Amino acid sequence: MTETEEKTIYTAITFAPVQGFIEKSRKLRDLYGSSFLLSYLARAICDAARTHYGFKSDRPLLKSEDSIVSPALINLTQGTPNQIIIAGNEPFPKGEAKDAFDRSWQAVVGACRREIERLLPNYSYCWSRNWDAWENHAWEFFHAEGKTIQDAREQMNEVKRSRDWIGINWVGESSTLSGGDAIAWYGMEDQMHPKTAKASEITEKIRDFYQELSNALGESILDATEQLSIPELIKRLITLDRVARKLNLEEKDLPSIEIPLSFVDINRKKENPEDNRWTGWFQGDGDKIGDYLKGMVDRGEKSERDALHDFSKAMMNWGKKFKYRLPEAIHQQGESQNRDRDGRIIYAGGDDFLGVLYRNGNPKLTALDCLNWFYTFPGIWEKHEQAITVSVGFVWAAPGVPQRDVLQHCREAEKSAKSSGRDRLALRILFNSGNHLEWVCPWSLLQPILEGYRDRDGGKNWTHIYNDVAILESRHALSFEHSSIARALFGLYFPNLKSSDTIEVGIPQNDESSPKTDNAVINDWIINLAKVGFHLCQ
Numbered sequence: 001m002t003e004t005e006e007k008t009i010y011t012a013i014t015f016a017p018v019q020g021f022i023e024k025s026r027k028l029r030d031l032y033g034s035s036f037l038l039s040y041l042a043r044a045i046c047d048a049a050r051t052h053y054g055f056k057s058d059r060p061l062l063k064s065e066d067s068i069v070s071p072a073l074i075n076l077t078q079g080t081p082n083q084i085i086i087a088g089n090e091p092f093p094k095g096e097a098k099d100a101f102d103r104s105w106q107a108v109v110g111a112c113r114r115e116i117e118r119l120l121p122n123y124s125y126c127w128s129r130n131w132d133a134w135e136n137h138a139w140e141f142f143h144a145e146g147k148t149i150q151d152a153r154e155q156m157n158e159v160k161r162s163r164d165w166i167g168i169n170w171v172g173e174s175s176t177l178s179g180g181d182a183i184a185w186y187g188m189e190d191q192m193h194p195k196t197a198k199a200s201e202i203t204e205k206i207r208d209f210y211q212e213l214s215n216a217l218g219e220s221i222l223d224a225t226e227q228l229s230i231p232e233l234i235k236r237l238i239t240l241d242r243v244a245r246k247l248n249l250e251e252k253d254l255p256s257i258e259i260p261l262s263f264v265d266i267n268r269k270k271e272n273p274e275d276n277r278w279t280g281w282f283q284g285d286g287d288k289i290g291d292y293l294k295g296m297v298d299r300g301e302k303s304e305r306d307a308l309h310d311f312s313k314a315m316m317n318w319g320k321k322f323k324y325r326l327p328e329a330i331h332q333q334g335e336s337q338n339r340d341r342d343g344r345i346i347y348a349g350g351d352d353f354l355g356v357l358y359r360n361g362n363p364k365l366t367a368l369d370c371l372n373w374f375y376t377f378p379g380i381w382e383k384h385e386q387a388i389t390v391s392v393g394f395v396w397a398a399p400g401v402p403q404r405d406v407l408q409h410c411r412e413a414e415k416s417a418k419s420s421g422r423d424r425l426a427l428r429i430l431f432n433s434g435n436h437l438e439w440v441c442p443w444s445l446l447q448p449i450l451e452g453y454r455d456r457d458g459g460k461n462w463t464h465i466y467n468d469v470a471i472l473e474s475r476h477a478l479s480f481e482h483s484s485i486a487r488a489l490f491g492l493y494f495p496n497l498k499s500s501d502t503i504e505v506g507i508p509q510n511d512e513s514s515p516k517t518d519n520a521v522i523n524d525w526i527i528n529l530a531k532v533g534f535h536l537c538q
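At position 25 of the sequence shown the residue is numbered 25 (the numbering used here), and the sequence of numbers has no breaks.
Keep in mind that the hints were calculated from the coordinates and are not lab data. Treat the hints with caution; some may be incorrect.
To be verified - Straight-line C-alpha distance at most 25 Å; calculated DSS-like pairs for lysine-lysine: (1) Lys252 - Lys323; (2) Lys383 - Lys288; (3) Lys460 - Lys288; (4) Lys147 - Lys160; (5) Lys321 - Lys252; (6) Lys27 - Lys323; (7) Lys147 - Lys320; (8) Lys294 - Lys160; (9) Lys160 - Lys94; (10) Lys294 - Lys7; (11) Lys383 - Lys313; (12) Lys147 - Lys313; (13) Lys27 - Lys321; (14) Lys160 - Lys415; (15) Lys313 - Lys288; (16) Lys294 - Lys252; (17) Lys27 - Lys246; (18) Lys198 - Lys313; (19) Lys288 - Lys321; (20) Lys288 - Lys320; (21) Lys415 - Lys383; (22) Lys383 - Lys302; (23) Lys383 - Lys294; (24) Lys498 - Lys531; (25) Lys98 - Lys147; (26) Lys415 - Lys323; (27) Lys364 - Lys323; (28) Lys94 - Lys27; (29) Lys302 - Lys7; (30) Lys460 - Lys531; (31) Lys364 - Lys27; (32) Lys7 - Lys147.
Unchecked claim - Derived CB-CB ranges, DEER-like: (33) Ile380 - Ser474: 40 to 50 Å; (34) Glu212 - Glu473: 52 to 62 Å; (35) Ala16 - Asp151: 19 to 29 Å; (36) Val159 - Asn362: 46 to 56 Å; (37) Asp405 - Leu119: 29 to 39 Å; (38) Arg103 - Asp518: 52 to 62 Å; (39) Lys302 - Asn276: 48 to 58 Å; (40) Asp306 - Ser474: 56 to 66 Å.
All of these numbers come straight from a predicted model, not from anything done at the bench. Think of the CB as a built atom: it goes at the ideal place given N, C-alpha and C, for glycine as much as any other residue.
Take the sequences, apply the hints, and build the full model.
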């Protein structure tokens with residue numbers, strides 16, 4: 001460790017929404033708005049830190065000069081991690097960081113509020129107190145410091161245990177999106193007295209207000225049937241360039257880079273059942289990043305600071321190109337940079353990412369289309385040239401499932417991939433009823449297994465194994481006491497694979513939370529393979 005490194009103090013900063021409004025998303029536009037907000041606020045802190053340590057932004061900084069260790073690059077439209085590591089000869093003061101954060105958030109809130117009042121000037125607005133409350137009490141802000149990055153992170157974990165936040169009280173009807181916050185409308189303060197307010201009149205006023213707002217914004221931004229809370233409106237409005245420009249952003253940072261005026265949201269459920277669309281959602285995260293970085297430091301390959309900075313830069317550059325590696329669309333679907341792709345990347349600001357595969361045109365996107373792309377994913381992942389694996393959860397979602405439920409299943413599927421041994425893909429099928437099927441498989445076996453299936457006639461009709469499993473289950477033949485029948489079934493339908501080796505590698509490796517015996521784990525893995533394969537590979 002050099003003398004300069006010994007004198008360096010590291011500051012860790014992160015932040016989180018108090019009432020979880022970032023995760024409560026109904027439309028794809030909501031998710032973009034959430035990612036944009038997190039990135040914008042993170043950049044405000046980074047800019048303030050560079051100013052504090054005397055770095056000018058008139059030229060690119062060398063790695064040794066930059067006080068921001070991570071994120072190494074900042075991209076508002078791609079997504080930027082909101083976990084920030086800062087290096088300097090003294091801690092970056094919490095007060096300065098919080099002031100920069102608060103000013104930026106207040107600028108966002110003010111710009112969105114003024115846009116609504118500009119669009120609908122004929123109303124007598126009495127809602128400023130509610131907007132002020134969201135300006136001041138929307139976020140938790142965490143700050144810690146240490147002599148090493150690891151020390152700062154450990155201190156951050158301690159700080160997070162002591163929560164310090166204020167909930168926002170409200171009266172009246174709740175948002176149609178989350179149900180957790182009040183509907184934002186022009187009379188939400190002075191017309192909600194329980195003794196004088198008439199529910200029917202209030203309902204009509206709110207309905208008329210949102211009808212006018214929908215007409216002014218357009219249905220792609222706000223459906224007339226939606227009645228949103230203040231933070232939910234902010235997520236929608238911040239995706240408009242005319243609002244984002246109030247934040248003094250450069251053209252390259254405007255939301256239209258990813259969400260142009262021609263943007264068409266996912267059309268999952270239509271009036272005609274035949275036109276309904278299934279969609280594929282995926283969420284992933286690199287495996288054991290901390291161990292990977294620590295290993296480089298322990299081996300003397302890099303300093304702790306350089307290891308984190310270089311890794312962050314590599315992953316940000318990978319994420320920047322990720323959208324161009326989605327499946328190529330059969331038809332061009334718009335004018336934006338990645339609308340020749342069957343899907344969108346919602347964020348890819350580091351080693352974690354979220355995306356969706358969908359096609360509004362014909363022919364409809366199939367689960368098999370998604371699988372064919374996932375067969376290529378290990379090669380896409382390796383382009384960042386970091387020696388780490390990745391765990392991904394994929395949800396093939398029916399059109400009637402609410403988007404917020406789909407996102408929750410995405411998170412759960414990713415956790416399944418992690419808990420089953422990492423370096424895996426969890427395939428989950430989510431039905432309109434809310435029920436789901438799931439099968440988890442190592443990346444190395446995914447294509448060999450799913451394409452190696454042969455039915456009793458030598459074809460690829462998964463109905464054969466599906467029916468056999470159903471019969472065996474009904475007769476309780478697949479018990480926890482033995483796995484010989486399940487193994488024989490696998491050998492029958494996957495004749496070109498060494499069944500014993502494949503099964504041992506494929507089954508969950510380290511799910512310590514599961515009380516199941518080895519036989520039960522093997523049986524479940526083969527049963528779930530039959531069921532998921534039947535629905536995805538037909």
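Right, here's what the structure says about each hint:
1. For the hint linking lysine 252 to lysine 323, the alpha-carbon distance of about 16 Å falls within 25 Å, and the restraint holds.
2. Under the criterion of a C-alpha separation no larger than 25 Å, the hint pairing lysine 383 with lysine 288 is consistent with the structure, at around 18 Å.
3. For a cut-off of 25 Å, the pair hint linking lysine 460 to lysine 288 is broken: about 37 Å separates their Cα positions.
4. Among the hinted pairs, lysine 147 with lysine 160 is consistent with the structure: their alpha-carbon atoms are about 19 Å apart, no more than 25 Å.
5. Only pairs whose Cα atoms come within 25 Å are accepted, and lysine 321 paired with lysine 252 is accepted, the gap being roughly 15 Å.
6. Simply put, lysine 27 and lysine 323 have alpha-carbon atoms about 19 Å apart, close enough for the 25 Å limit, and the pair holds.
7. In summary, the hint linking lysine 147 to lysine 320 is not supported, as the alpha carbons are separated by about 32 Å, beyond the 25 Å threshold.
8. Pair hint lysine 294 plus lysine 160 holds up; C-alpha atoms about 23 Å apart against a cutoff of 25 Å.
9. Proposed proximity of lysine 160 and lysine 94 is supported: the alpha carbons are some 15 Å apart, at most 25 Å.
10. Using a Cα cut-off of 25 Å, the hinted pair lysine 294 and lysine 7 holds, with the two alpha carbons roughly 20 Å apart.
11. For a cut-off of 25 Å, the pair hint linking lysine 383 to lysine 313 stands: about 13 Å separates their Cα positions.
12. In summary, the hint linking lysine 147 to lysine 313 is supported, as the alpha carbons are separated by about 23 Å, within the 25 Å threshold.
13. Restraint check: the Cα-Cα separation between lysine 27 and lysine 321 comes to about 24 Å, which is no more than 25 Å; the hinted pair holds.
14. Between the alpha carbons of lysine 160 and lysine 415 the distance comes to roughly 22 Å, so the proposed pair stays at or under 25 Å and holds.
15. Under the criterion of a C-alpha separation no larger than 25 Å, the hint pairing lysine 313 with lysine 288 is consistent with the structure, at around 18 Å.
16. Proposed proximity of lysine 294 and lysine 252 is contradicted: the alpha carbons are some 35 Å apart, above 25 Å.
17. Distance check on the hinted pair: lysine 27 and lysine 246 sit about 24 Å apart at the alpha-carbon level, within 25 Å; holds.
18. With a C-alpha separation of about 57 Å, the suggested pair lysine 198 and lysine 313 falls outside the 25 Å cut-off, and the hint is violated.
19. With a CA separation close to 23 Å, the supplied pair lysine 288 and lysine 321 stays within the 25 Å bound.
20. Distance check on the hinted pair: lysine 288 and lysine 320 sit about 22 Å apart at the alpha-carbon level, within 25 Å; holds.
21. Taking the CA atoms of lysine 415 and lysine 383, the gap is about 24 Å. The hint holds against a cut of 25 Å.
22. For a cut-off of 25 Å, the pair hint linking lysine 383 to lysine 302 stands: about 21 Å separates their Cα positions.
23. Between the alpha carbons of lysine 383 and lysine 294 the distance comes to roughly 22 Å, so the proposed pair stays at or under 25 Å and holds.
24. For the proposed pair lysine 498 and lysine 531, the alpha carbon gap of about 21 Å is at most 25 Å, so the pair holds.
25. For the proposed pair lysine 98 and lysine 147, the alpha carbon gap of about 21 Å is at most 25 Å, so the pair holds.
26. For the suggested pair lysine 415 and lysine 323, the alpha carbons sit about 23 Å apart, so the restraint of at most 25 Å is met.
27. Between lysine 364 and lysine 323 the CA atoms are separated by roughly 20 Å; this keeps the pair inside 25 Å, and the hint holds.
28. For the hint pairing lysine 94 with lysine 27, the CA-to-CA distance comes to about 35 Å; that exceeds 25 Å, so the pair is violated.
29. Among the hinted pairs, lysine 302 with lysine 7 is consistent with the structure: their alpha-carbon atoms are about 18 Å apart, no more than 25 Å.
30. For the hint linking lysine 460 to lysine 531, the alpha-carbon distance of about 14 Å falls within 25 Å, and the restraint holds.
31. Only pairs whose Cα atoms come within 25 Å are accepted, and lysine 364 paired with lysine 27 is accepted, the gap being roughly 20 Å.
32. Annotation: proposed proximity of lysine 7 to lysine 147 holds, straight-line Cα distance about 8 Å (limit 25 Å).
33. The hinted range of 40 to 50 Å is satisfied by isoleucine 380 and serine 474, whose Cβ atoms lie roughly 41 Å apart.
34. Roughly 56 Å separates the CB atoms of glutamate 212 and glutamate 473, a value that falls within the hinted 52 to 62 Å.
35. A C-beta distance of roughly 22 Å is found between alanine 16 and aspartate 151, which places it inside the suggested range of 19 to 29 Å.
36. Checked against the hint of 46 to 56 Å, the C-beta distance between valine 159 and asparagine 362 comes to roughly 52 Å, which is consistent with it.
37. Judged by the Cβ atoms, the range 29 to 39 Å given for aspartate 405 and leucine 119 holds: they are separated by roughly 32 Å.
38. Distance hint check for arginine 103 and aspartate 518: the Cβ-Cβ separation is about 57 Å, which falls inside the suggested range of 52 to 62 Å.
39. Distance hint check for lysine 302 and asparagine 276: the Cβ-Cβ separation is about 51 Å, which falls inside the suggested range of 48 to 58 Å.
40. Distance hint for aspartate 306 and serine 474: a CB-CB separation of about 60 Å, consistent with the stated range 56 to 66 Å.
Hints 3, 7, 16, 18, 28, counting from the list given before, are not met by this structure.
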